[in-house]
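Residue numbers (our numbering), protein chains in the order written: chain A, 66 to 444; chain B, 530 to 844; chain C, 453 to 845.
Rather than coming from a laboratory, the hints here were simulated on the basis of the structure.
Check each hint, because a few of them may be wrong.
To be verified - Calculated pairs, EDC-like style, for lysine to aspartate or glutamate (alpha carbon to alpha carbon, straight line, at most 16 Å):
| id | chain 1 | residue 1 | chain 2 | residue 2 |
| --- | --- | --- | --- | --- |
| 1 | A | 158 | C | 580 |
| 2 | A | 76 | B | 556 |
| 3 | A | 217 | C | 510 |
| 4 | B | 664 | A | 81 |
| 5 | A | 183 | C | 611 |
| 6 | A | 183 | C | 532 |
| 7 | B | 665 | A | 164 |
| 8 | C | 809 | A | 164 |
| 9 | A | 183 | C | 623 |
| 10 | A | 207 | C | 611 |
| 11 | C | 633 | A | 83 |
| 12 | B | 749 | B | 648 |
| 13 | B | 753 | B | 830 |
| 14 | C | 533 | C | 510 |
| 15 | A | 158 | C | 631 |
| 16 | B | 683 | B | 713 |
| 17 | C | 633 | C | 815 |
| 18 | A | 183 | C | 805 |
| 19 | A | 230 | C | 580 |
| 20 | B | 664 | A | 156 |
| 21 | B | 743 | B | 620 |
| 22 | A | 76 | B | 621 |
| 23 | A | 162 | C | 786 |
| 24 | A | 162 | C | 630 |
| 25 | B | 749 | B | 834 |
| 26 | C | 726 | C | 630 |
| 27 | A | 115 | A | 173 |
| 28 | A | 158 | C | 634 |
All values derive from a computational prediction rather than experimental measurement.
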Amino acid sequence: MYFRVFVYRIKKNLRDRELILWSLLFPIVLGTLFYMALGSIYKNAAVETKSVALVGGTEANTEFVKTTLEGIKSSEGTAMFEVIVADAADEQKLLFKDEVAGVMDISDMSDIRLHIAKDEVAQNVLAHVIGIFRRNAVLMQKAAADPASALKIMNLMTEDTELVKQVNAAGENKDPYVSFMYALLAMVCVMASNAGLQVPIDSQANISTQGARVSITPVNHRMYELASLLAAFVIQVVCTMVGLFMIVGVYKVNMGCSIGFLILICILGTMLGCSLGFMLGHVSKLSKSSKEAILLLFVTFGGFLAGLMFDRMKMIVEMYCPIINRINPSALIHDAFYSLNIFGVGERFYRSMITMVVMTIVFTTIGLVMSRRRSYASI
Amino acid sequence: MAETVVKITNLVKRYKELIALDNFSMEIQKGEVFGLLGPNGSGKTTTINCLLTLLSYDNGEIELFGEKMTSKRSDLKVRIGVVPQQVAVFDELTVYDNIDFFCGLYIKDKETRKKYVEDAIEFVGLQEFKKFYPKKLSGGLLRRLNIACGIAHKPELIIFDEPTVAVDPQSRNRILEGISRLNEQGATIIYTTHYMEEVEQLCSRILIMDHGKKIAIGTKDELKGMIKNTESVIVNAHGLTQDFIEKVRALNHVYDVSYRDDTLTVKCSGGKHNIVHVVDCFADNEVKYQQIYSILPTLNEVFLEITGKQLRDNE
Amino acid sequence: MQVFKMFFKIQKKYMIPAIIFFAMGILMIVVNYEFLIKNSTSSMKDFQTMKMPIHLTDEDHSTVSDYFVDYLKKYHNVDDKTYTKDVLTDRLYYEDISSIITIPAGFGEAFLSGETGECPQIQSVVDEGIAHGQMLNLELQSYLSSMYAFYHSGMELSEAAAKAEETQRSENYVTIVDEIKEDGTTQSHNTQSVGGILFLFIPYVIMSCVFGSLLSAVLSFNETEKKKRENASGYATWKRSLILAFGSLVFALFFFLMYVVVLAIFCGSEAFTKMWFLMVLNLLVYTIATVMMMAFIAVIPLRASVLSSIVSTVVSLGFAFLGGIFVPLSQLGEGVKAIGRFLPTYWYATAVDALDKGKGFTDVLPYYGIQLLFGAACLAIGMALSKASERAH
Numbered sequence: 066m067y068f069r070v071f072v073y074r075i076k077k078n079l080r081d082r083e084l085i086l087w088s089l090l091f092p093i094v095l096g097t098l099f100y101m102a103l104g105s106i107y108k109n110a111a112v113e114t115k116s117v118a119l120v121g122g123t124e125a126n127t128e129f130v131k132t133t134l135e136g137i138k139s140s141e142g143t144a145m146f147e148v149i150v151a152d153a154a155d156e157q158k159l160l161f162k163d164e165v166a167g168v169m170d171i172s173d174m175s176d177i178r179l180h181i182a183k184d185e186v187a188q189n190v191l192a193h194v195i196g197i198f199r200r201n202a203v204l205m206q207k208a209a210a211d212p213a214s215a216l217k218i219m220n221l222m223t224e225d226t227e228l229v230k231q232v233n234a235a236g237e238n239k240d241p242y243v244s245f246m247y248a249l250l251a252m253v254c255v256m257a258s259n260a261g262l263q264v265p266i267d268s269q270a271n272i273s274t275q276g277a278r279v280s281i282t283p284v285n286h287r288m289y290e291l292a293s294l295l296a297a298f299v300i301q302v303v304c305t306m307v308g309l310f311m312i313v314g315v316y317k318v319n320m321g322c323s324i325g326f327l328i329l330i331c332i333l334g335t336m337l338g339c340s341l342g343f344m345l346g347h348v349s350k351l352s353k354s355s356k357e358a359i360l361l362l363f364v365t366f367g368g369f370l371a372g373l374m375f376d377r378m379k380m381i382v383e384m385y386c387p388i389i390n391r392i393n394p395s396a397l398i399h400d401a402f403y404s405l406n407i408f409g410v411g412e413r414f415y416r417s418m419i420t421m422v423v424m425t426i427v428f429t430t431i432g433l434v435m436s437r438r439r440s441y442a443s444i
Numbered sequence: 530m531a532e533t534v535v536k537i538t539n540l541v542k543r544y545k546e547l548i549a550l551d552n553f554s555m556e557i558q559k560g561e562v563f564g565l566l567g568p569n570g571s572g573k574t575t576t577i578n579c580l581l582t583l584l585s586y587d588n589g590e591i592e593l594f595g596e597k598m599t600s601k602r603s604d605l606k607v608r609i610g611v612v613p614q615q616v617a618v619f620d621e622l623t624v625y626d627n628i629d630f631f632c633g634l635y636i637k638d639k640e641t642r643k644k645y646v647e648d649a650i651e652f653v654g655l656q657e658f659k660k661f662y663p664k665k666l667s668g669g670l671l672r673r674l675n676i677a678c679g680i681a682h683k684p685e686l687i688i689f690d691e692p693t694v695a696v697d698p699q700s701r702n703r704i705l706e707g708i709s710r711l712n713e714q715g716a717t718i719i720y721t722t723h724y725m726e727e728v729e730q731l732c733s734r735i736l737i738m739d740h741g742k743k744i745a746i747g748t749k750d751e752l753k754g755m756i757k758n759t760e761s762v763i764v765n766a767h768g769l770t771q772d773f774i775e776k777v778r779a780l781n782h783v784y785d786v787s788y789r790d791d792t793l794t795v796k797c798s799g800g801k802h803n804i805v806h807v808v809d810c811f812a813d814n815e816v817k818y819q820q821i822y823s824i825l826p827t828l829n830e831v832f833l834e835i836t837g838k839q840l841r842d843n844e
Numbered sequence: 453m454q455v456f457k458m459f460f461k462i463q464k465k466y467m468i469p470a471i472i473f474f475a476m477g478i479l480m481i482v483v484n485y486e487f488l489i490k491n492s493t494s495s496m497k498d499f500q501t502m503k504m505p506i507h508l509t510d511e512d513h514s515t516v517s518d519y520f521v522d523y524l525k526k527y528h529n530v531d532d533k534t535y536t537k538d539v540l541t542d543r544l545y546y547e548d549i550s551s552i553i554t555i556p557a558g559f560g561e562a563f564l565s566g567e568t569g570e571c572p573q574i575q576s577v578v579d580e581g582i583a584h585g586q587m588l589n590l591e592l593q594s595y596l597s598s599m600y601a602f603y604h605s606g607m608e609l610s611e612a613a614a615k616a617e618e619t620q621r622s623e624n625y626v627t628i629v630d631e632i633k634e635d636g637t638t639q640s641h642n643t644q645s646v647g648g649i650l651f652l653f654i655p656y657v658i659m660s661c662v663f664g665s666l667l668s669a670v671l672s673f674n675e676t677e678k679k680k681r682e683n684a685s686g687y688a689t690w691k692r693s694l695i696l697a698f699g700s701l702v703f704a705l706f707f708f709l710m711y712v713v714v715l716a717i718f719c720g721s722e723a724f725t726k727m728w729f730l731m732v733l734n735l736l737v738y739t740i741a742t743v744m745m746m747a748f749i750a751v752i753p754l755r756a757s758v759l760s761s762i763v764s765t766v767v768s769l770g771f772a773f774l775g776g777i778f779v780p781l782s783q784l785g786e787g788v789k790a791i792g793r794f795l796p797t798y799w800y801a802t803a804v805d806a807l808d809k810g811k812g813f814t815d816v817l818p819y820y821g822i823q824l825l826f827g828a829a830c831l832a833i834g835m836a837l838s839k840a841s842e843r844a845h
């Protein structure tokens with residue numbers, strides 16, 4: 066009997082074309098927009114060639130610095146800088162009209178100066194290169210003063226002793242913007258709460274006429290609701306998967322973990338979303354519009370706290386009120402993706418997953434307890 | 530003696546200050562078509578909802594088929610069918626699927642259910658609309674679907690809560706005929722409405738209620754017998770004199786005479802053939818008239834006389 | 453008047469979403485003010501004076517490591533307390549620290565002997581996805597390798613350390629230049645005004661308020677049944693639409709004003725300056741354009757309020773990301789900007805950016821115009837579509 070309820074609820078949900086259409090469009094459209102807006106930032110930042118102006122140098126010095134700068138390649142193999150030779154008097158024009166990354170004054174090779182308009186990655190790289198010039202200038206003076214050690218000193222100039230070893234703590238995908246994709250998928254999962262909310266609406270006598278009709282049948286109310294919830298979940302999980310497929314399959318976004326884990330997180334996340342709506346639907350004191358507003362709070366505000374709009378938001382919450390990150394469904398789902406990317410399968414990932422499962426069970430149980438067959442004071 | 534299907538004793542239901550049911554009692558026997566008559570807000574639907582355990586109540590007892598009815602009595606619920614006032618079907622399921630879905634909540638066996646669903650569709654005459662979605666149905670057809678969903682599992686007690694509100698005459702007749710047929714097939718019917726014509730046509734026994742109280746109960750003839758007026762004679766005549774009107778007033782059984790806009794209304798109590806005496810009176814006094822006819826009292830008049838207000842007051 | 457009153461009665465029912473979005477906007481302002489503005493303004497004025505939070509473990513305790521630790525403590529915020537590995541990883545993960553630095557035992561000895569190839573190097577754990585940690589490593593490598601080279605070129609260790617600090621600290625040779633305007637005033641391109649940051653994302657919350665709450669009310673008003681009843685009443689459709697639009701505008705302007713008050717408080721000394729007023733005007737223009745946009749969206753036949761919340765989320769988030777609201781326009785690719793140019797958010801953000809760079813009213817006037825033009829186009833399409841659908845009925 067309950068299998069039939071499940072099948073009919075699937076049928077009913079599928080027929081609700083508007084809801085299905087928008088539930089599908091939501092992840093597809095936003096996934097596309099996010100990909101368009103964020104997908105290329107990280108890659109572009111690495112390959113963009115910036116121009117640098119050299120002023121005040123002798124021909125030989127200019128040529129030397131130019132060769133050095135133009136020899137700097139990004140990890141993708143493109144040149145980081147393109148050098149133009151200019152006049153120091155044009156500094157304002159160069160910086161604010163032509164928007165060069167910096168103006169290098171090389172009139173004194175032992176004291177190279179850099180003028181910049183803003184402090185960004187390219188300027189930092191330039192400053193580092195100048196640091197090497199400045200170091201070598203000191204060494205040159207030293208070598209001139211002490212011809213006996215000149216050879217040894219010259220060797221010191223060319224060898225760059227690696228004294229600091231950088232260890233990466235970032236995960237498989239270093240692109241920080243992928244965090245927005247995690248937040249988006251988390252939002253899609255939590256959005257499933259709307260489908261969960263519909264279950265009690267269709268089965269409670271004090272909310273809908275259909276609910277009244279179901280309430281007077283001899284059917285076990287809790288089993289009926291569970292079958293309906295399962296049907297809602299199946300439909301929603303398909304919608305979430307479509308979103309995931311768009312992001313991973315079509316746009317080839319590197320989510321930093323294997324597809325199996327991504328699917329698992331999406332399934333648990335959608336379950337959590339559905340059960341949240343299911344529980345809320347049973348709070349009989351609230352009107353339907355208040356319930357929808359509360360879900361909106363979870364979806365949008367929860368998404369905001371999980372970093373949907375500002376990626377650092379979750380960290381700020383973690384610093385000042387970490388408990389919110391432990392119970393905010395969006396933050397939990399986001400954290401599952403993030404921890405998997407950064408730390409791989411481990412304690413943190415398990416903590417997120419287990420919390421999600423426990424919350425799903427708690428929400429569903431609360432809903433079922435509240436749905437015990439009862440008579441209403443008024444309908 | 531017939532089996533008692535419904536027994537409500539001293540039912541009290543309060544909504545904060547408002548008393549919706551005030552020590553309300555009634556008994557319905559097997560095989561009856563029981564009419565529950567009253568204006569809007571009189572407590573009809575509240576009674577039904579208490580009976581179905583959808584509403585909790587403050588005091589009183591409800592027994593169905595001789596057993597106490599509670600929200601957990603699945604065995605009793607299987608024997609009841611309800612056609613609610615508002616259409617309660619899923620817009621996203623077809624006519625067939627809706628009936629099959631609700632029937633399936635009662636009947637587990639697939640073959641039996643299939644047959645029952647077909648029977649219900651045939652019963653309400655929706656064979657041609659099986660694959661239609663509710664949104665494509667007219668108001669009358671939608672009401673019929675609503676009925677089919679309530680009766681498909683062949684219940685012993687069927688409750689119709691104003692099933693003909695906003696229905697075209699053709700569908701209304703079909704619905705009323707259907708209810709009679711269900712009764713003939715053995716179902717006990719509770720029929721709530723504020724249309725007395727329907728009650729007069731259908732019901733074997735009628736209960737009139739107002740303000741949550743039982744006002745009168747009986748067959749329609751019994752109810753009509755409860756009031757003073759047994760017949761009204763209406764005469765269209767021009768220029769009647771006060772003298773003549775007084776003569777009419779003096780006739781046997783006449784208790785009230787009024788003359789307005791060339792129409793004389795003569796109200797009589799006792800006897801059914803008072804028109805003869807009025808005709809005689811006109812002939813004896815050589816007064817001419819255009820038309821004369823007699824009206825027997827309706828339930829509305831019964832209601833008016835008992836409560837002092839029209840049944841459709843609040844409509 | 454009847455329609456106007458009725459509209460506000462319906463609108464009241466949809467106030468909760470509006471309040472949620474409004475509160476979210478306020479929180480966004482507070483968060484940005486507390487975490488982006490307060491923490492970063494000092495670092496923007498001078499090059500590389502940003503003190504980075506570092507966790508340090510010195511297992512070496514040699515003269516070399518002492519010089520290095522002194523350097524770190526002088527220029528950065530060093531935390532050398534002992535934590536578990538998990539806590540440290542967590543702090544790195546949430547950018548609470550930029551790097552976890554460990555100076556291994558024997559480092560100083562190897563440094564002095566010149567045999568660094570064989571002994572452990574200083575380990576710096578950073579999140580390579582975040583630029584701060586990598587820049588820090590670049591700086592530390594410059595300092596240490598210079599000190600190394602100077603020492604091995606014959607300097608005393610103390611002299612080598614001092615010279616390395618002198619030559620490698622970039623504030624000694626990098627200058628941030630301000631733009632000198634024609635009127636002789638200067639304008640920094642490296643600092644963002646408080647208004648430039650705070651005004652930027654208000655369109656998102658205005659859009660969410662308007663679409664998440666107002667749209668539901670308008671949709672409820674537009675339900676065909678009600679429309680039919682009104683059509684029968686002989687109330688002119690255009691008049692009704694006009695009053696509805698006016699009601700929506702009044703509602704949206706209420707939120708606009710609330711935000712202006714909040715922004716005036718947070719902008720502090722920047723408030724009520726010419727730039728601030730132009731930013732307020734920019735926001736006003738955007739608010740009006742958003743209300744006009746709604747006329748177009750309201751034509752989509754949305755049955756349930758759930759759907760209107762989905763649609764409003766898609767539109768407001770989409771517009772925000774493509775228009776440079778949450779991710780600065782300067783970071784967006786050319787392709788995205790090409791699409792963004794068709795959205796009012798893009799021109800809003802462009803105007804904020806221009807005003808932030810000291811541009812005046814005449815410079816941003818075209819941006820205001822494009823926003824309004826976009827709104828007007830939506831309004832026209834919306835009205836045409838609703839006319840067409842009315843005829844179809």
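List, from low to high, the hint numbers that the structure doesn't satisfy. 1, 2, 3, 5, 6, 7, 11, 12, 20, 21, 23, 26, 27
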